[in-house]
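What follows is each chain in one-letter form.
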Amino acid sequence: MENEKGLPQLSGIIFEELNELTLADLSHACAVQADCIVELVEEGVIVPIGREPHRWRFSGVHLHRASVALRLQRDLGLNLAGAALALQLLDEVETLRARLKVLGYD
Amino acid sequence: MEFKDYYKIMGVARDATQDEIKRAYRQLARKYHPDVSKSPDAELRFKELGEAYAVLKDLEKRAAYDQLGSNWKSGQDFRPPPDWNAGFEFSGDGRGAPGEGESANDFSDFFESIFGRGFASGTQAHAASHRRGQDHHAAVSIDLEDAYTGATRTITLQRPEVDATGHVSMRGHTLNVTIPRGIRAGQHIRLAGQGAPGIGQGKPGDLYLEIGFNPHAHYRVDQRDVYLDLPVAPWEAALGAKLNVPTPSGIVELKIPAGSVAGGKLRLKGRGIPGNTPGDFYVVLQIVLPSADDEKANAFYLYMAEQFKTFKPRAGLGV
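Protein sequences, first through last, are from chains A and B.
Sequential numbering from 1 applies to the first sequence in the numbering used here.
Sequential numbering from 1001 applies to the second sequence in the numbering used here.
Hints are computed from structural coordinates only; laboratory data are not their basis.
Small disclaimer: the values here were computed from a predicted structure and weren't measured.
Keep in mind that the hints are not guaranteed to be accurate.
[Unchecked claim] If you want the footprint, here are the derived chain A segments under chain B, 3+ residues with CB under 8 angstroms:
no. : region
1   : 49-57
2   : 67-76
3   : 98-105
C-beta: ideal position from N, C-alpha, C; glycine also.
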């Protein structure tokens, strides 16, 4: 793969493999109050490692799920339980799509 | 600029009630929400819908829009009539906090020509404010082999740019990106600071590249695991064999056990996509038959039929 001359080589991180994010990191990244994240955890939308909120550690996958849940609530007028259900169904669709792909149906 | 038919975008009649408009918005928003829809134009449709709803749900804006008349066609070249909005007063000096359907603050030129930039972005009213730039998203397809070894890709993305006169044009933006080893389809590479520039002294946003794999002639991928359909001869399956099998990380020798059946799966542990928890590589056996297209082969199949008289391939079906 030839490189375009004069352009710096950019390296990024794999977002989903971010880890050790704290409650403060997650609320900051989602631009919401920590309470909103706590609610997501209480609803089981995201399940961090660690017992007490100040010990919670999140990953990039959690961050993505949290932002999707927040966007669904805001854009579709869903309540938290509705957004949680939507996410769960989206996960199932994703799994089924992946299964179809493995079976050779695209 | 293009005229936007907000009623058509929302699929409602020009005399639709506010309730009908809200219902149409909710239905279409569920359909085109970029987190829900897989359609490639979902983001665009959702933005358009948000803009249409921002106008039609607001009685003042809707009345002003209606004032343009019903003769305009979607996509038609539009110039706002001089003083067309004289006599209208809009409440507030901007949209304030985005409400439902207003998450996108980049409304079209058409919207801004009618309602002004102050409506399109709540930040315009506070020129001195600093805000982090928006994150940008783009999809990038790589080969499965790239995920095994890591790679460098030169990618060109189209991004809107606003020039000094306020005109928006699409410009190619070329980047050299390192694709980390072990990345999987659906994961995102985050390139810090490569999104939209910040406002004031705000930091630029990030660029997220969503990785997908180009379809491969031989391999299928499920998360970390990679699958290969391996054609084998009937005698290889029945008697067992040592076969050379291609994998994305090179050819390996695989022992097929005697008595293997079609669809049988053999696992090569850790030969899927690499990583802290590497995936596995699965070989799915497909039994292929030599064709009986000459006399000798034909005679051989007849001999087999003779020899396997008690073989009942459909016994399980009761026939």
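Counting residues of the region 67-76 of chain A whose CB is closer than 8 angstroms to a CB in chain B, do you get three or more?
-> With 6 residues in contact (Cβ-Cβ under 8 angstroms with chain B), the coverage given for the region 67-76 of chain A holds.
Go check the region 98-105 of chain A versus chain B for me, would you? Three or more residues, Cβ under 8 angstroms, otherwise it fails.
-> holds (count 5)
Given coverage of the region 49-57 of chain A by chain B, checked by CB-CB distance under 8 angstroms (3 or more) = The restraint on the region 49-57 of chain A is violated, since only 0 of its residues have a Cβ under 8 angstroms from chain B and three are required.
In this structure, only the earlier hint numbered 1 is contradicted, and the remaining ones agree with it.
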